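Add chains V, U, S, W and X to chain F, keeping to what the hints say.
Line by line, the protein sequences are chains F, V, U, S, W and X.
The numbers in the numbering used here rise by one with no breaks, and the one at position 230 of the first sequence is 217.
The numbers in the numbering used here rise by one with no breaks, and the one at position 138 of the second sequence is 125.
The numbers in the numbering used here rise by one with no breaks, and the one at position 55 of the third sequence is 42.
The numbers in the numbering used here rise by one with no breaks, and the one at position 163 of the fourth sequence is 150.
The numbers in the numbering used here rise by one with no breaks, and the one at position 129 of the fifth sequence is 116.
The numbers in the numbering used here rise by one with no breaks, and the one at position 119 of the sixth sequence is 106.
Think of the hints as simulated: they come from the structure by calculation, not from any bench.
The reader is advised that the hints may include incorrect statements.
If several chains are the same, the list does not tell them apart, and a pair holds so long as it fits within one copy or across any two.
Unchecked claim - Straight-line distance between alpha carbons at most 30 Å, and here's what the computed BS3-like set of lysine-lysine pairs gives:
(1) Lys215 x Lys226
(2) Lys226 x Lys208
(3) Lys(-6) x Lys50
(4) Lys226 x Lys(-6)
(5) Lys14 x Lys50
(6) Lys226 x Lys(-9)
(7) Lys226 x Lys94
(8) Lys14 x Lys226
(9) Lys7 x Lys(-9)
Bear in mind the structure is a predicted one, so any value in this text is a computation, not a measurement.
There are 6 protein chains.
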Amino acid sequence: MMTKPFKRLLLTGAAGGLGKILRDRIKPWADVVVLSDIADMGEAREGEEIVQCDLADKAAVMKLMEGVEAVLHFGGISTENTFENIMQANILGTANIYEAAHKLGVKRIVFASSNHTVGFYRNTDYIDAGAVTRPDSFYGVSKCFGEQLASYYWDRTGLETVALRIGSSFPEPNDRRMMVTWLSYDDLEEALRRSLFATRVGFTILFGMSNNDVAWWDNSKAAHLGYKPKDSSSQFDAKFPDSGDYPAPNASVTYHGGAFALAEVRYKA
Amino acid sequence: MMTKPFKRLLLTGAAGGLGKILRDRIKPWADVVVLSDIADMGEAREGEEIVQCDLADKAAVMKLMEGVEAVLHFGGISTENTFENIMQANILGTANIYEAAHKLGVKRIVFASSNHTVGFYRNTDYIDAGAVTRPDSFYGVSKCFGEQLASYYWDRTGLETVALRIGSSFPEPNDRRMMVTWLSYDDLEEALRRSLFATRVGFTILFGMSNNDVAWWDNSKAAHLGYKPKDSSSQFDAKFPDSGDYPAPNASVTYHGGAFALAEVRYKA
Amino acid sequence: MMTKPFKRLLLTGAAGGLGKILRDRIKPWADVVVLSDIADMGEAREGEEIVQCDLADKAAVMKLMEGVEAVLHFGGISTENTFENIMQANILGTANIYEAAHKLGVKRIVFASSNHTVGFYRNTDYIDAGAVTRPDSFYGVSKCFGEQLASYYWDRTGLETVALRIGSSFPEPNDRRMMVTWLSYDDLEEALRRSLFATRVGFTILFGMSNNDVAWWDNSKAAHLGYKPKDSSSQFDAKFPDSGDYPAPNASVTYHGGAFALAEVRYKA
Amino acid sequence: MMTKPFKRLLLTGAAGGLGKILRDRIKPWADVVVLSDIADMGEAREGEEIVQCDLADKAAVMKLMEGVEAVLHFGGISTENTFENIMQANILGTANIYEAAHKLGVKRIVFASSNHTVGFYRNTDYIDAGAVTRPDSFYGVSKCFGEQLASYYWDRTGLETVALRIGSSFPEPNDRRMMVTWLSYDDLEEALRRSLFATRVGFTILFGMSNNDVAWWDNSKAAHLGYKPKDSSSQFDAKFPDSGDYPAPNASVTYHGGAFALAEVRYKA
Amino acid sequence: MMTKPFKRLLLTGAAGGLGKILRDRIKPWADVVVLSDIADMGEAREGEEIVQCDLADKAAVMKLMEGVEAVLHFGGISTENTFENIMQANILGTANIYEAAHKLGVKRIVFASSNHTVGFYRNTDYIDAGAVTRPDSFYGVSKCFGEQLASYYWDRTGLETVALRIGSSFPEPNDRRMMVTWLSYDDLEEALRRSLFATRVGFTILFGMSNNDVAWWDNSKAAHLGYKPKDSSSQFDAKFPDSGDYPAPNASVTYHGGAFALAEVRYKA
Amino acid sequence: MMTKPFKRLLLTGAAGGLGKILRDRIKPWADVVVLSDIADMGEAREGEEIVQCDLADKAAVMKLMEGVEAVLHFGGISTENTFENIMQANILGTANIYEAAHKLGVKRIVFASSNHTVGFYRNTDYIDAGAVTRPDSFYGVSKCFGEQLASYYWDRTGLETVALRIGSSFPEPNDRRMMVTWLSYDDLEEALRRSLFATRVGFTILFGMSNNDVAWWDNSKAAHLGYKPKDSSSQFDAKFPDSGDYPAPNASVTYHGGAFALAEVRYKA
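One chain only, chain F, in its complex shape:
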């Protein structure tokens, strides 16, 4: 029998949209997959441990991470919300994860960052990981925070991070913008695999997108990961036929961040 790469691998946010998708896909990577979420996740299956945990609770996070070798950090709030809620879940939660990881000797975290860190670039801008961030929401700001914190821990303590700026990871694109930002589940899995098993990553930013025809993001600064997406949103071209309606009826195509970057949908606290 083949040895699995990890003994214990933690997935936070396991009850979330992507968490559910990943639950089975990551099993081959660890003897035990630890699944955590603030929500109930039901029964543990074979090879799983389930821990209901509020990431804003520092002591609980320390306990959660005992014996863990690597973390897929998908926990937190994944859309716009009040600043206070975002701060507890995404800022304090992530700080607790990193401090525990450092104290317990975890060597690598894959952090689920977001395109909303650069959501205010326009669709005619083609950027790479060296572009200054332009977040489009409190949510986006919190993801910038997570990246900065990860950079700090790498420079200071040697704890490595791949920050995966996820585009739109759904079964298929639902609007024209997602034709650009789409990340298939298979490619998401491959991005995580590359991020976990590359020999040395330091602090690396990887844009999470499939091999779509249109691209806003250049992954050459992450060429050392060897991530090669296999899917393309072009298989869904027929859903969005050619049209001379300028600009697109869904104006969200103006910015990388889509609707997040439109003034009228700003969060009303």
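Chains V, U, S, W and X alone, transformed into the frame defined by chain F:
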């Protein structure tokens, strides 16, 4: 029956070399294709309207463009000539097209620009759309002018342009330089399709080349168009066998602009 | 009598080290200077209003900022501390300032950021405001957060910020590193003046340093502010005579962030 | 007696605003200064020749330039106008100057270009001569044309040009924008002197501004000219006192091109 | 019968590891392949000439190169050694080759350079041919020397060079680092073919690697060669299964130069 | 009495042109200045030791450097010569210096490099230390070698170097090119002082020029040295009056390297 993207689409220069190639290929994009040229174009076929028109005639251009939703601007002189002729056909003609487009509310123009805007780069230079232009002829200067005018109309009025810097669009490459600059007719059509139907383009420069082995131009600044050429000049490799004759017998390979950039062929006015 | 530029100008952190220095210097800029701090500031003098206020208290901040036209945001913790303390004072405090400013129509904030946003660059690196941040402490991460939040408010709401990345603002340099990072009080005042009164700043990052011989930071991306420092640390050259001791006895000269970036001084929570 | 550098030096546009200023200042540079304009210039003084000439008249330009060794090309329309007028004066006129210069062996032209070639950059953009042009007017487009033509003649024929992108050359700044773009007459003269007498210039773009506190333009790509402005608009600071009115009452400060770039002042043909 | 591109083509270092691989592969390119080495190479086969020659012997090199049209310069020491040995074989040897080539009118040399010219970049750095060199050994320094000498001969005399920075050219990758640096023999041959027969190369640097998943080097500055590798180390993925051992057991993956860049293996003279 | 920074400081090439100039100027920096040259240097004065030494003699160099704390390496051939001579004096000589420095624990070397490392750039090119080298002579290639060797020793062993690319260090400029490249003796001394006493330099390249009006080189990548030249060649403007002779009578102004880069003066071996 499927609705076509445009009601009226104008192709200028329809009697020219590329105009003739495009005439049938663009029909699926509009209920009525308006074909204009200073030369006679014979009878209109179904779904066409034919207008003989000198683009230097401002009033005629205004009339030509009534009801038009988008323009493929291929009109003008397509090779070197006296400055005076170039000025009338390419500078004044293009100015008339843009002013009419603005006044009539046309939203997008695909402008047939040329590699001769950058013809004085050398074949060891690899440039993108941000490189300063280095025209190699009055013709090349007039194409720079068209691009600048398009930039102005975009910044000022919101009229969008894709400037397609066409390499060498012929049935097949005729010399070593065209192995680099070749743009197959199918890829030309695809470049136009992407330019017309991308959701938002602002002022975009796209180098018009197929997926050839050797490349002088980097289209990453137009990644938002999603143009993916399908042909390659490598299918014609056997026409140009390996040879140790340095430099190539046809010295035009020295510059991007080929023979246009050679001193001895300067236009004698 | 000359009219002052503002009716009400807010200085947060007015009881802090730089707050005390600025208290009198900013008086010519407003009819009323509002001074806030979590600490006691004694009696208000003429032309002042004093408000003791915890910036983490959202309602108190809203009240504090009523009628204010511009803010010099120096409040918060200005050195390394526990993450929890930093989060309350610098992250939540800054978020409250920006949200109140937006709601109340304040048009510009000068944010006291820090060189610790880029503290992990080495002393042989010469960077400008486009360099990716490399914070050296929780404190530095919190300043990155403030900059990102400011960027978001600018892109979203039009609220302008100058983020002043202060080097070392003291009466004179105390070690070799400060010969590089020193910002005299007069130059600090001038940097604030330029930041407040430039006609349009959007979101601008300005490195706060005097015209010292050695420089790690390039302010050309803030050339529109017209900040021209008049002092130089070279007046203190005699304090640090030439020496062949490599590296400098005070090893903090290795990193932009000085001692903050040294492993042994990491905050012990 | 000292020999003058040139026998014959041509100044076009000699009756224009700057032409009048330069008339006496350039006398030390040539035995004979040839002054041309479409307008009447009165009597020639000692060391001058006066030629009334429409630059759109090719034959007249050939005659005008006989024996001339270098040209200061200030002729044409210097503000916004109809495209047709701009084309005759600035496009055809400049083409005639260059073709005559080439045919007659003139070796260098200083071309009065303009900041309106880059007028659509914003006041927070700091650009150099490698930035893509963004003209703000037909006038600006015609200056881009002149630069492109000059680039072509240099690459093709070896005729050298310094394109001087003049900011605002007036006795003193008249609004906040001119505090940035101001070029004193002494500095203008020095820029011309450097441009004429540098040993080798190829095709060089020089931004024409004094040593003002605020700068939008970086002249490092013209460092081989050695232009060191001696004046600064800061001597006029008192005309524009500090103010918290954001943005400036004169909104033209938003763009490099000032009022030229504002939609409401677009030329009504 | 087809004419071969060259009459005489020289391969130096023909008895070395890659020399033996190339011996048959390059035969189609020349009527006579001249094979040289300091070691014995046995009998010449048809279409070969064999010359035993010490490249540090200037007169012998002149004789060796008579009638040669192009050179594949693989001679010299191909691993770390004393500086004195490296100097004789790689520095003096290469100088002799270039001087003879210049005197005899050879027009192009393909120089076997090495990734050890940039061996001190880290595996998270993605560099192109414009990156400053960072050699990791005397061997690497000698390859930098060869590139500089080639640059000099190109600028001065017009003798063209492609410097091929070979990664790891072996039958298959032997460690994780070689998964990145691997250059298959077929791709090596193709790189040489492109380098020899491109129409104009000036002084070009090409990184010699196959189309592997992970890449540290960007060949866009050599896009004019049209080199398209067909193999990929991914065919050997199973040799190196996923593992959570950070960093890789073979620490050589830290630097581009692998073990060459590790302090403990420094050459002990 | 003030302590001097070094006990023993070595100056190689002490009998050369610049060596003689520096002999007295460097005395304040060390208790004992060790002066070496292949030529006779006469009697040692107080505070000096004189060692006649061929740098190509490894054992002699080891002996020379015993007890030395820092080196000003000006030894070798300082103009064009046969490759063989250059190799012995500049390549082998420099290798011996570095190996001895490493073995003896010397911490810093200031290496007298040259503008001839970049001599084939044109006078319209403005470059910084990141520009790829383009040597113009065997001499220039040998200086590139020295820089590469220094880079290697820094990355490998921590031995620091400032490579000072000296322009033209003479009492005053002798031709137009030297108006650009001139480095006054006072500024040379200051460049050495900064290079020796900066707290940390790693491997730094500094262009050695005074504060001349025209500049070809940008020292911003060496901003951490704090070198501020005080002289300017403009004091000699009158020696080179304005002239319309294009190009300059002394054609050497075309290239950074001046006459070194002209084909007709290539070294005849």
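So, going through the hints one by one against the coordinates:
In this assembly of identical chains, lysine 215 and lysine 226 lie within 30 Å of each other by CA distance both inside one copy and across copies; the values are 25 Å within and 19 Å between. With identical chains, the CA atoms of lysine 226 and lysine 208 are at most 30 Å apart between copies only, with a shortest distance of 26 Å across copies and 32 Å within one. For the identical chains of this complex, lysine -6 and lysine 50 are intra-copy neighbours only, at 17 Å inside a copy versus 54 Å across copies, given an alpha-carbon limit of 30 Å. In this assembly of identical chains, the alpha carbons of lysine 226 and lysine -6 lie at most 30 Å apart only when taken from different copies (21 Å versus 43 Å within one copy).
Taking CA atoms no more than 30 Å apart as the test, lysine 14 paired with lysine 50 passes inside one copy only; the shortest distance there is 22 Å, against 53 Å between copies. Taking identical chains as interchangeable, the C-alpha atoms of lysine 226 and lysine -9 lie at most 30 Å apart only when they sit on different chains, with a minimum of 15 Å there against 41 Å within one chain. For a Cα distance limit of 30 Å, the shortest separation of lysine 226 from lysine 94 across copies, 24 Å, qualifies, whereas the shortest one inside one copy, 43 Å, does not. Proximity of lysine 14 to lysine 226 under the C-alpha cut-off of 30 Å is restricted to the inter-copy arrangement: shortest distance 21 Å between copies versus 34 Å within a copy.
In the homo-oligomer, the alpha carbons of lysine 7 and lysine -9 lie at most 30 Å apart inside one protomer (21 Å), although the nearest pairing across protomers, at 42 Å, exceeds that limit.
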